[in-house]
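A.B. asks: Top to bottom, those sequences are chains A and B. This note's numbering numbers the first residue of the first sequence as 1 and each following residue consecutively. This note's numbering numbers the first residue of the second sequence as 1 and each following residue consecutively.
Any given hint might turn out to be false.
Derived Cβ-Cβ restraints for the label pairs, each shown as a range [what the hints assert, rightly or not]:
(1) B:G198 / A:T141: 25 to 35 Å
(2) A:L148 / B:K246: 28 to 38 Å
(3) A:S99 / B:E33: 52 to 62 Å
(4) B:Q229 / A:L148: 20 to 30 Å
(5) A:G100 / B:G198: 31 to 41 Å
(6) B:A301 / A:L148: 55 to 65 Å
(7) B:A140 / A:I151: 47 to 57 Å
(8) B:K246 / A:P86: 43 to 53 Å
(9) B:P309 / A:E95: 30 to 40 Å
Hints were generated in silico from the structure; no laboratory data involved. C-beta atoms are modelled at their ideal positions from N, C-alpha and C, and glycine is treated no differently.
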Amino acid sequence: MNPGVLSAGSRGLGLAEQARMVVQPGRPEAATPTPVRAARPQARRGLVARWLDWRFSSWTSPLLVLAMWIAVTQLALAPEQILVPPWQVLVSGWELVQSGELGEHVSVSLVRLVSGFGFGSVAGIAFGLLVGLSPRLDDYTAPTFQVLRQIPSVALIPLFILIFGIGETFKVAIVAKASFFVVALAVHEAVKSLPARYLEVAAVLRFSRLQVIRRVVLPAIVPDTLTGVRIALGRSWMVLVGAELLAAENGLGQMMEMGRQMFRLDVVMVGVVLTGLVGLALDRGFRLLEAYLMRWQRR
Amino acid sequence: MTSVPPYSPQRRLALSAALLPALLSITGVRAAEPLPPALRIAAVSRTGPSGKTLFAGSSALVAEQGWLAAELGKLGVKLEWVPVTTNSVAVQVNEAFANRSIDFAQYGDLPSIIANASGLRTQLVVPGGSMNNTYLVVPANSNARSIKDLKGKKIALHRGRPWEFPFARLLAANGMTQKDVRILNLNPQAGASAVASGSADAFFTLSDAFLLEDKKVGKIIWSSKQAPQDWKMRAELWGDSAFLEKHPQLAQLVATAYVKAHQSVVGANGRENYIRHEVAAGQSRALVEREWEGDATNWNARWAPLFTPELRAHYAAGAAYAQQARLIGRPLDTSRLYAPQFVEQALAQLKLQNLWASR
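Excised from the complex, chain A in its bound form (with noise of 0.2 Å):
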């Protein structure tokens, strides 16, 4: 669907600087007014407040967390077998890269991740705005809805089964749920929350039904159908995970998996940091494409 979103992700980790600033262009050197405390003078400062201010300080997380894994595996505090260093992963990475193992398993992920998604958020998207423009037919659903929607993608991953055998159409359809619900309600809920006055000017104007829509609805509702729909895809990247350790040929969760059964906890790992940098890529992505569809706003 969104060639821009896999390929804006995969040029690495750079994209969380990247992304602030796209979203918010020129904050770092425009005349923004400085906060009162990064006016007082340097030497007043603590240690904390500059090395917030460094640019590279939000690498203090995830360098903390190497750090403690290494220090785990050096000291063998956790055998071997089950906490694996981290050079290890990146090694058994590289093997898994150079097989080709690797590529064909995140591709078909992906595959899935994309298709699932691609019609999950559609429907959600014209569902919300059904549901939102008429009243009457959100009364009928409703309850439906609301019940449905409490229900964990994961915990519905049985009956899916049972229902569309353990096919692709599985993995497409509990991608699809997953996404459809949080899209649904989100575009729901901006309708729903639309300034009244819009519409009266839209009355005063005498716009048709579908001019209302078209011109008044949708360009007021892209603010947070985006937000809905980024965390719909963070969720069903998720679920498709879950669902792919639990029944799947291929693809990266089965590769988690499979690594479990034949007790190569590295593959595990390089399983769980992968489907962690995905996730992070593919949320970047859409913040950029956020940004990107919102740009209008700035001006």
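Please build the complex by placing chain B on the supplied structure of chain A, with the hints as guidance.
C.D. replies: Relative to the frame of chain A, chain B by itself:
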């Protein structure tokens, strides 16, 4: 008592009498490690009808005989049974061995090979006692009659479990490899529902195959009953090598207890008694009997706790398969996997050298 002054000769005598054995024992046992507070054995368990955890196989007999618990008790060591569920015995036991939360486990051949290839050190202590056959099940309405009809089809198999090796042999005997079928890595429960719902074309598993047949959702088209003996999966008693080295006297007690259990099973009423245990642990009697019906192997031989050349060949072939199937990354020297000294000692102690004379 009150009349005895603090440093009276009587008191000194009493004190030294009390301290002497303690001192002696400290100097005498210095070389050996202090005994652990508990000895932990992992065994497959089911939740029985009464909600109690019940163990399967020879571990149930060892637990019932009570001899091991009593002997360990004399040394101040508690016997602890660690239950593992049929769903993922292999993973649970290997992880427990790795984080040192068990000392012994009764479990399968392939998981032990995988564990040792990844750097764990375990050894086979008491062989024999595995009564499992393996089965190939297809959906009830399937036309497949043999593995050959399943070429290119989806077969559910939990990878790395002891029944994977028999499956590989079945494929090989029919001139096929794993590339000729699509393997779905599913645990036994998921595999059963996959074949029942028809989303897998076949399912390779243990005696839970009969349950599918009874529910009329599956039919068995192959079993290992008539297959050569070395096609059968093995599940036997393994010990943590470090524990065996540190506490040989405790390991000896464990080995002796299991050999005693094997002895009772092959003795009078042993078979009946064994079935009774399996039934108590939640298996149906019909299922246990069907599992053994038409099995070509001699009952006595299945319980032989002997390190035979066939056993060694089985593990060597298993390790070779594991490497070829890329279950393990490096070759494994299986000759280091055996600790036969405990069984030899037990057989001598119990005067059973001739019960299972090497065939």
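A.B. asks: Determine for every hint whether it applies to the structure shown.
C.D. replies: Now the hints, each set against the structure:
In this structure the hint that G198 of chain B and T141 of chain A lie 25 to 35 Å apart at CB holds, the actual value being about 33 Å. With their beta carbons about 57 Å apart, L148 of chain A and K246 of chain B fall outside the hinted range of 28 to 38 Å. Between S99 of chain A and E33 of chain B the C-beta distance comes to about 43 Å, which lies outside the given range of 52 to 62 Å. As the Cβ distance of Q229 of chain B to L148 of chain A is approximately 54 Å, the hint placing it in 20 to 30 Å is violated.
Remark: the range hint 31 to 41 Å for G100 of chain A to G198 of chain B is upheld by a beta-carbon distance near 32 Å. Remark: the range hint 55 to 65 Å for A301 of chain B to L148 of chain A is upheld by a beta-carbon distance near 58 Å. The supplied range of 47 to 57 Å is broken by A140 of chain B and I151 of chain A, whose beta-carbon atoms lie about 32 Å from each other. Taking the beta carbon of each, K246 of chain B and P86 of chain A are about 32 Å apart, not inside 43 to 53 Å as hinted.
At about 36 Å, the beta-carbon gap between P309 of chain B and E95 of chain A stays in the expected band of 30 to 40 Å.
Checked against the numbered hints given earlier, this structure breaks hints 2, 3, 4, 7 and 8; the rest are met.
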